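Given only the sequences and the hints, what does the whole structure look like? Please build it.
Note that the protein sequences, when read in sequence, are chains D, U, X and G. Per our numbering, the very first residue in the first sequence carries number 1; after that it's consecutive. Per our numbering, the very first residue in the second sequence carries number 1; after that it's consecutive. Per our numbering, the very first residue in the third sequence carries number 1; after that it's consecutive. Per our numbering, the very first residue in the fourth sequence carries number 1; after that it's consecutive.
Check the hints yourself; a few may be wrong.
Residues on chain X that point at chain D, a partial pick, calculated with CB under 10 Å [said to hold, decoys possible]: (1) 196; (2) 198; (3) 229.
Some, not all, of what chain U presents toward chain X, calculated at C-beta under 10 Å [unchecked claim]: (4) 125; (5) 127; (6) 193; (7) 218; (8) 220; (9) 223; (10) 225; (11) 227; (12) 230; (13) 231; (14) 235; (15) 236; (16) 237; (17) 241.
I should point out that these hints are in silico values taken from the structure, not numbers from a laboratory. Bear in mind that the values here come from a model prediction, so they are computed numbers and not experimental data. For every residue, glycine included, the Cβ atom is placed at its ideal position computed from N, Cα and C.
Number of protein chains: 4
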Amino acid sequence: MRTIAENDHILIIYKDKSYFKKVVTGQAFHGKGGILDYASLIGKRYGVRYGQYEVYEPTTEDTIMYGLRRETQIVFPKDSAFICLKLSLRNGSRIVEIGTGSGALTYLFSKVVGPDGAVVSFELEERHYKNAKKNIGRFAEWDNVEIRNENIEGYVPESTFDAAFIDVREPWLCLEAAGRLVRDSAPVGMIVPTANQISELLKGLETGFGMVEVIEILLRKYKTVAERVRPTDRMVAHTGYLVFARKLDQGAGE
Amino acid sequence: MRTIAENDHILIIYKDKSYFKKVVTGQAFHGKGGILDYASLIGKRYGVRYGQYEVYEPTTEDTIMYGLRRETQIVFPKDSAFICLKLSLRNGSRIVEIGTGSGALTYLFSKVVGPDGAVVSFELEERHYKNAKKNIGRFAEWDNVEIRNENIEGYVPESTFDAAFIDVREPWLCLEAAGRLVRDSAPVGMIVPTANQISELLKGLETGFGMVEVIEILLRKYKTVAERVRPTDRMVAHTGYLVFARKLDQGAGE
Amino acid sequence: MRTIAENDHILIIYKDKSYFKKVVTGQAFHGKGGILDYASLIGKRYGVRYGQYEVYEPTTEDTIMYGLRRETQIVFPKDSAFICLKLSLRNGSRIVEIGTGSGALTYLFSKVVGPDGAVVSFELEERHYKNAKKNIGRFAEWDNVEIRNENIEGYVPESTFDAAFIDVREPWLCLEAAGRLVRDSAPVGMIVPTANQISELLKGLETGFGMVEVIEILLRKYKTVAERVRPTDRMVAHTGYLVFARKLDQGAGE
Amino acid sequence: MRTIAENDHILIIYKDKSYFKKVVTGQAFHGKGGILDYASLIGKRYGVRYGQYEVYEPTTEDTIMYGLRRETQIVFPKDSAFICLKLSLRNGSRIVEIGTGSGALTYLFSKVVGPDGAVVSFELEERHYKNAKKNIGRFAEWDNVEIRNENIEGYVPESTFDAAFIDVREPWLCLEAAGRLVRDSAPVGMIVPTANQISELLKGLETGFGMVEVIEILLRKYKTVAERVRPTDRMVAHTGYLVFARKLDQGAGE
Numbered sequence: 001m002r003t004i005a006e007n008d009h010i011l012i013i014y015k016d017k018s019y020f021k022k023v024v025t026g027q028a029f030h031g032k033g034g035i036l037d038y039a040s041l042i043g044k045r046y047g048v049r050y051g052q053y054e055v056y057e058p059t060t061e062d063t064i065m066y067g068l069r070r071e072t073q074i075v076f077p078k079d080s081a082f083i084c085l086k087l088s089l090r091n092g093s094r095i096v097e098i099g100t101g102s103g104a105l106t107y108l109f110s111k112v113v114g115p116d117g118a119v120v121s122f123e124l125e126e127r128h129y130k131n132a133k134k135n136i137g138r139f140a141e142w143d144n145v146e147i148r149n150e151n152i153e154g155y156v157p158e159s160t161f162d163a164a165f166i167d168v169r170e171p172w173l174c175l176e177a178a179g180r181l182v183r184d185s186a187p188v189g190m191i192v193p194t195a196n197q198i199s200e201l202l203k204g205l206e207t208g209f210g211m212v213e214v215i216e217i218l219l220r221k222y223k224t225v226a227e228r229v230r231p232t233d234r235m236v237a238h239t240g241y242l243v244f245a246r247k248l249d250q251g252a253g254e
Numbered sequence: 001m002r003t004i005a006e007n008d009h010i011l012i013i014y015k016d017k018s019y020f021k022k023v024v025t026g027q028a029f030h031g032k033g034g035i036l037d038y039a040s041l042i043g044k045r046y047g048v049r050y051g052q053y054e055v056y057e058p059t060t061e062d063t064i065m066y067g068l069r070r071e072t073q074i075v076f077p078k079d080s081a082f083i084c085l086k087l088s089l090r091n092g093s094r095i096v097e098i099g100t101g102s103g104a105l106t107y108l109f110s111k112v113v114g115p116d117g118a119v120v121s122f123e124l125e126e127r128h129y130k131n132a133k134k135n136i137g138r139f140a141e142w143d144n145v146e147i148r149n150e151n152i153e154g155y156v157p158e159s160t161f162d163a164a165f166i167d168v169r170e171p172w173l174c175l176e177a178a179g180r181l182v183r184d185s186a187p188v189g190m191i192v193p194t195a196n197q198i199s200e201l202l203k204g205l206e207t208g209f210g211m212v213e214v215i216e217i218l219l220r221k222y223k224t225v226a227e228r229v230r231p232t233d234r235m236v237a238h239t240g241y242l243v244f245a246r247k248l249d250q251g252a253g254e
Numbered sequence: 001m002r003t004i005a006e007n008d009h010i011l012i013i014y015k016d017k018s019y020f021k022k023v024v025t026g027q028a029f030h031g032k033g034g035i036l037d038y039a040s041l042i043g044k045r046y047g048v049r050y051g052q053y054e055v056y057e058p059t060t061e062d063t064i065m066y067g068l069r070r071e072t073q074i075v076f077p078k079d080s081a082f083i084c085l086k087l088s089l090r091n092g093s094r095i096v097e098i099g100t101g102s103g104a105l106t107y108l109f110s111k112v113v114g115p116d117g118a119v120v121s122f123e124l125e126e127r128h129y130k131n132a133k134k135n136i137g138r139f140a141e142w143d144n145v146e147i148r149n150e151n152i153e154g155y156v157p158e159s160t161f162d163a164a165f166i167d168v169r170e171p172w173l174c175l176e177a178a179g180r181l182v183r184d185s186a187p188v189g190m191i192v193p194t195a196n197q198i199s200e201l202l203k204g205l206e207t208g209f210g211m212v213e214v215i216e217i218l219l220r221k222y223k224t225v226a227e228r229v230r231p232t233d234r235m236v237a238h239t240g241y242l243v244f245a246r247k248l249d250q251g252a253g254e
Numbered sequence: 001m002r003t004i005a006e007n008d009h010i011l012i013i014y015k016d017k018s019y020f021k022k023v024v025t026g027q028a029f030h031g032k033g034g035i036l037d038y039a040s041l042i043g044k045r046y047g048v049r050y051g052q053y054e055v056y057e058p059t060t061e062d063t064i065m066y067g068l069r070r071e072t073q074i075v076f077p078k079d080s081a082f083i084c085l086k087l088s089l090r091n092g093s094r095i096v097e098i099g100t101g102s103g104a105l106t107y108l109f110s111k112v113v114g115p116d117g118a119v120v121s122f123e124l125e126e127r128h129y130k131n132a133k134k135n136i137g138r139f140a141e142w143d144n145v146e147i148r149n150e151n152i153e154g155y156v157p158e159s160t161f162d163a164a165f166i167d168v169r170e171p172w173l174c175l176e177a178a179g180r181l182v183r184d185s186a187p188v189g190m191i192v193p194t195a196n197q198i199s200e201l202l203k204g205l206e207t208g209f210g211m212v213e214v215i216e217i218l219l220r221k222y223k224t225v226a227e228r229v230r231p232t233d234r235m236v237a238h239t240g241y242l243v244f245a246r247k248l249d250q251g252a253g254e
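Next comes the structure, spelled out in structure tokens:
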């Protein structure tokens, strides 16, 4: 049975609030439910109440939402989970990401491809590159992520990738690179916030790609009172439009 | 470079239609774009046009949507991808599923937990059990799935599970078993089609669980014409409500 | 008490199907629930079962959905009701419509502005003009609609309008005309199917208009079984984007 | 040309904010765009800029959203406009409302049925009754609304109503009254916040009603930048479920 250990990340719940913390002897959590001394938790069970707090082992989603330090808009779980499926990622996959941002999607890719897979991610902005590197260093379970603070144009990989994802302002400028780096028939994904960008992307995808799809995902939460089942009052109306395609050599098939 | 081989599953695209087929020498695909002789594809590249057809290597999603034989309503990709994230599945996870159905979610679990993980799935209905077993036998990449045609009540596993998922008509009757089989703090998920069932589930989750969430996911597709960006005319309005919680020992934390 | 009369339009319901019909002596409705002789209904009550059929007095929505003959995509009730509110239409309003189409919105405008109001609608396509004229002639309750088979450019009305609505392919070309025809501060509405058109419209609305809004409305139906409350399986994903603005003289306010 | 007059309600826009105000000589609007002396507006045009402000004549929706004093959750325009259409309201209609609340829907009903129509609305809570009465007194254009601080059970109207709307906590308790007060075949509408209430309502509607529908309406706003067409970040996820039916005498139709 896995118990709470020094340096573990933990999720503390008090009423409707979540606190993502690190267990460090000598430190404590000060909340509305009182003081929770981290040392007192060591060796104790997860999924138990301590005083007025519930303490859980963080999931991948908890880490994305509350653990990673954000310097950019991140790709949210409703979208990132779906992206992993559309890109057909699994144990051992090799994925190239163009636009690391804060590394939220990079982190999820790392979880999904596992120790036998590889994530190579490009980020031009030095500040984001450094932040993403720290996030991955702090939270990744396996050493399967390489973040590169350079332009993808000159990049020559040892072997091709199984999939690519592009999250930059002008993703159509990266389509050629993505197509070059992935193997035949590979899925390629993109995320863009505006419909104008969808339009540009669709033009770019006319060459070198097939099976183009544009999708948006809406997530609605419900209140959790058995006698009053109903959605919450407000929801996120938009994060981004997802675009997917597959590498297609439009030339001769013979 | 991976090329098309005998017995490969392939995805043939003709205009807007997808055909999930198996490459068998001596057989051929007969479609509106003409006859495509499977033997002629062997050793050729994926992601290329053959006559009027595009031929792709199927993704996980293609297999779920077009490969698996359905005898029940399946859990669709928009939901199943999100379920994997909420259950924090990754390389090496052990997941127990109550209600295999046609095995669509089972298949995705298998992909996500990889060769070091394990999926144990229970299905009482013999007909569904047999169909799911065939689906997994035909499509699973690793030997990490065990489907059991028995009631979960008497089941004693070698070790606890990292997560559980319940997809049966009265999931509240399985909460105790799910709680018993997973480790402390583990995420548990459920899917139900009706709001009345949400209400019953919420009552059941009051004991033994915390961090309860009820969520629905809507997916909207867009047409892929650059000059006319707009959603498709119709969409799926409902598949199911997703319910998530974490195992919580509500007793003493000492 | 209003009873069924010769030449009345009636709505016949058989199970989940609706039939919009006209009561004509000597004719009958032939459906799966048997033959319903129209003459036998005359003088009888609405909202009653006749054999296996329920017979109702059609509402405005029934008439829009089942009565009007459609030669074009119509503006659907979920949108048209909201348009009437955004245009602040009420008893006595004068509204100008550019693009009559099949007259579905024209018909609703007629209902809302009543006998003291006026609807002037422009349709260039002669075939649509004729069809809309027939629809209005057949169903309008009051003689308050004028449909004109001509370009709006040369049109000089007796007095200004309280609101305008534009439903043509390039609505930005009609903004100047709409602005000229409505009174100060008047609301103007538009509907467009694509995001590209939103973009063009927003540029056009920069001059002469304020309070610009872009809105889409989604309507989801639920099954009506008390024990199984849940949305229907499928829904309309898109009809059009609604754009609203108010006439604004951007010059001096003195 | 209608100009701004003493005691007019006006809508002042400053950047993205709306201010619903009354023109009173001797008073002024103090906002971030400076002081706007109301007396200086009298006799001036609507739809013009005054200093940094735009001044518009309020629409029905502006009045509902910014004018009425709310003591309860109101029925919002996305729902109320649709309700008017489903209830087939038009010039001259007589509508009975059970549950006046703050009178937002009552006010819209008044606008739609016009001077020849009638709105009779019941509110048991004296505080809400008084507030609604004030709201209607202040904003209604015609004297066609009667609000009654009494139970509907004992009410005997001069003549039947064309439609009924119920907005109370347990609307199923009012179905008999609604059925009694409306004419044959008349549409009846309800709004409830929870799925549990839908379930109760559906049971109640089994007797005396036909053509039952359950609907929810979602409204999504878009940003109004031509180069960046995209939904706003957040939206209202839920106001209420709308239920509609028609009065049906389930006995013999002869």
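Evaluation of the provided hints:
no., hint, verdict
1, 196, "6 Å, holds"
2, 198, "7 Å, holds"
3, 229, "8 Å, holds"
4, 125, "20 Å, violated"
5, 127, "23 Å, violated"
6, 193, "5 Å, holds"
7, 218, "9 Å, holds"
8, 220, "6 Å, holds"
9, 223, "9 Å, holds"
10, 225, "9 Å, holds"
11, 227, "6 Å, holds"
12, 230, "4 Å, holds"
13, 231, "4 Å, holds"
14, 235, "4 Å, holds"
15, 236, "6 Å, holds"
16, 237, "4 Å, holds"
17, 241, "8 Å, holds"
The structure shown violates the earlier hints numbered 4, 5.
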